[in-house]
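Undergrad: Sequence:
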Amino acid sequence: SFDAGPSGLLYLIEDFSLSSAFHTTNNLYKLQDDKWKLIDSDNISGIGFSARVALDRRNYCWIADRKDGSIILNVYNGRSWRSSMPGSFPDDFITTLKVDYENNIWLGTYENGIIVLNQ
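Here the sequence shown is numbered in my numbering, starting from 35 and rising by one per residue.
Quick caveat, the hints were computed from the structure, so don't treat them as lab data. Any given hint might turn out to be false.
[Said to hold, decoys possible] Between beta-carbon pairs, the in silico distance windows are: (1) ASP125 with ASP67: 35 to 45 Å; (2) ASP67 with SER122: 20 to 30 Å; (3) ILE148 with GLY121: 14 to 24 Å; (4) ILE148 with ASP68: 16 to 26 Å; (5) ASP67 with GLU145: 34 to 44 Å; (6) GLY121 with LEU65: 28 to 38 Å; (7) GLY103 with LYS71: 26 to 36 Å; (8) ARG113 with TRP70: 28 to 38 Å.
Predicted model, so just to flag it, every value in this text is computed and none were measured. Backbone N, C-alpha and C define an ideal beta-carbon position, used for all residues, glycine too.
Work out the full structure: start from the sequences and follow the hints.
TA: Listed below in structure tokens is the structure:
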């Protein structure tokens with residue numbers, strides 16, 4: 035999964051889901067100065083095989099994933115991470131994560147439709 039922000043900033047999730055090391059947590063990279071920089075994600079619950087990524091108009095990186103069956107939303111402002119509280123969202127799979135022109139976050143889910151976070 036990858037996304038580009040309005041200024042051309044690019045984030046990419048390295049996906050290990052098809053490797054023999056299925057237990058491996060995926061990595062998040064940012065393209066900076068024509069080089070891929072690994073972003074420290076130790077402060078979040080990990081980036082699993084179902085993670086989706088999107089950049090908002092401020093170039094904040096949003097990652098939607100699952101932990102213990104619940105959707106977890108993580109946001110990276112370029113310096114630090116913040117995460118939603120467990121149970122804030124329904125137990126479901128994330129099918130898509132998008133940001134609209136007004137900077138609202140849209141989560142598409144498998145069974146619970148669409149969740150919109152107005153910013």
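Undergrad: With reference to the structure, classify each hint as holding or not holding.
TA: Here's how the hints hold up against the structure:
1. For the hinted restraint 35 to 45 Å between ASP125 and ASP67, the CB-CB distance of approximately 41 Å keeps it satisfied.
2. For ASP67 and SER122, the Cβ-Cβ distance of about 36 Å falls outside the hinted range of 20 to 30 Å, so the restraint is violated.
3. A beta carbon spacing of about 19 Å between ILE148 and GLY121 agrees with the range 14 to 24 Å that was offered as a hint.
4. A beta carbon spacing of about 36 Å between ILE148 and ASP68 contradicts the range 16 to 26 Å that was offered as a hint.
5. In this structure the supplied range 34 to 44 Å holds for ASP67 paired with GLU145, their Cβ-Cβ distance being about 42 Å.
6. The hinted window of 28 to 38 Å between GLY121 and LEU65 holds, with their beta carbons roughly 34 Å apart.
7. In this structure, GLY103 and LYS71 meet the distance hint of 26 to 36 Å, their C-beta atoms being roughly 32 Å apart.
8. About 19 Å separates the C-beta atoms of ARG113 and TRP70, a value inconsistent with the hinted range of 28 to 38 Å.
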